[in-house]
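Asker: The residues making up each chain are set out below.
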Amino acid sequence: QQPVQSPQAVILREGEDAVINCSSSKALYSVHWYRQKHGEAPVFLMILLKGGEQKGHEKISASFNEKKQQSSLYLTASQLSYSGTYFCGTDISGNTGKLIFGQGTTLQVKP
Amino acid sequence: DGGITQSPKYLFRKEGQNVTLSCEQNLNHDAMYWYRQDPGQGLRLIYYSQIVNDFQKGDIAEGYSVSREKKESFPLTVTSAQKNPTAFYLCASRIQGRSNQPQHFGDGTRLSIL
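Heads up: the protein sequence lines correspond to chains Z and G, in order. Residue 1 is where the first sequence starts when you use the working numbering, and the numbers rise one by one after that. Residue 1 is where the second sequence starts when you use the working numbering, and the numbers rise one by one after that.
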């Protein structure tokens with residue numbers, strides 16, 4: 001049931017772009033994206049709901065393909081502050097708010 | 001400011017001992033969740049509660065117990081039956097009943113065995 005994230009890790013230079021994918025074997029009601037710095041709590045980035053929408057948050061955006069049960073997170077013109085581990089959380093129940101998290105993608109942005 | 005408070009930040013458990021992790025929120029959220037995170041791993045759900053006096057097991061509930069006597073509070077007890085309790089524990093809450101609402105996380109409790 002755990003969604004699969006790819007890649008597991010990525011190293012970028014400042015200003016480069018990255019894509020993080022999240023793939024589920026179950027039908028999804030929504031996908032939630034979080035970023036976590038080492039030793040800290042996850043910070044909410046965005047939610048993608050059923051309907052295949054795409055959302056943006058400054059230079060970070062995401063898409064959700066309901067039919068393929070996949071979501072992708074796009075980071076453009078990366079900044080040093082983007083470093084951390086990105087998790088997707090998938091909602092397969094629709095009413096409990098219970099999320100199943102992927103194993104995470106570690107992003108390191110270098111100067 | 002509203003938020004979620006977890007305490008203590010660090011906790012040490014002796015063998016055979018039960019320990020309780022505190023989670024308090026003043027966001028007026030109905031739903032609360034407990035996750036366990038191991039190094040380099042994602043978050044795994046231990047227990048969750050959608051309403052006071054009711055809670056459900058998550059994926060890894062064995063060796064843990066919870067209570068939900070008040071809306072604001074959702075304490076987690078790590079019992080002696082949990083043989084490998086060393087991990088980072090995160091509590092979260094959200095508005096219940098709306099799929100477009102995120103979970104908000106506390107700062108976590110790091111539990112280690114003495």
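Keep in mind the hints are simulated off the structure, nothing from the lab. Among the hints, erroneous ones may be present.
Stated by the list, open to error - In silico contact screen, one side only, chain Z against chain G (beta carbon under 8 Å); selected entries:
no., residue
1, H32
2, L49
3, L99
As the list claims (entries may be wrong) - Output of the computed footprint for chain G on chain Z, the stretches with three or more beta carbons under 8 Å from beta carbons of chain G:
no., segment
4, 86–94
5, 102–109
The structure displayed is predicted, hence computed values, not measured ones. Even for Gly, the Cβ is constructed at its ideal location relative to N, Cα and C.
Asker: Could you run down the list of hints and mark each one as holding or not?
Answerer: Hints, one by one, checked against the model:
1. Hint on H32 (chain Z) holds. Least Cβ distance to chain G is approximately 6 Å, under the 8 Å limit.
2. A distance limit of 8 Å between C-beta atoms decides the matter here; for L49 (chain Z) the minimum to chain G is near 6 Å, and the interface restraint holds.
3. Among the interface hints, the one on L99 (chain Z) holds; its C-beta lies about 7 Å from the nearest C-beta in chain G, closer than the 8 Å criterion.
4. Using a Cβ-Cβ cut-off of 8 Å, 4 residues of the segment 86–94 of chain Z lie near chain G, which meets the minimum of three, so the contact claim holds.
5. With 3 residues carrying a beta carbon less than 8 Å from a beta carbon of chain G, the segment 102–109 of chain Z meets the three-residue requirement, and the given coverage holds.
Every hint, counting from the list given before, is met by this structure.
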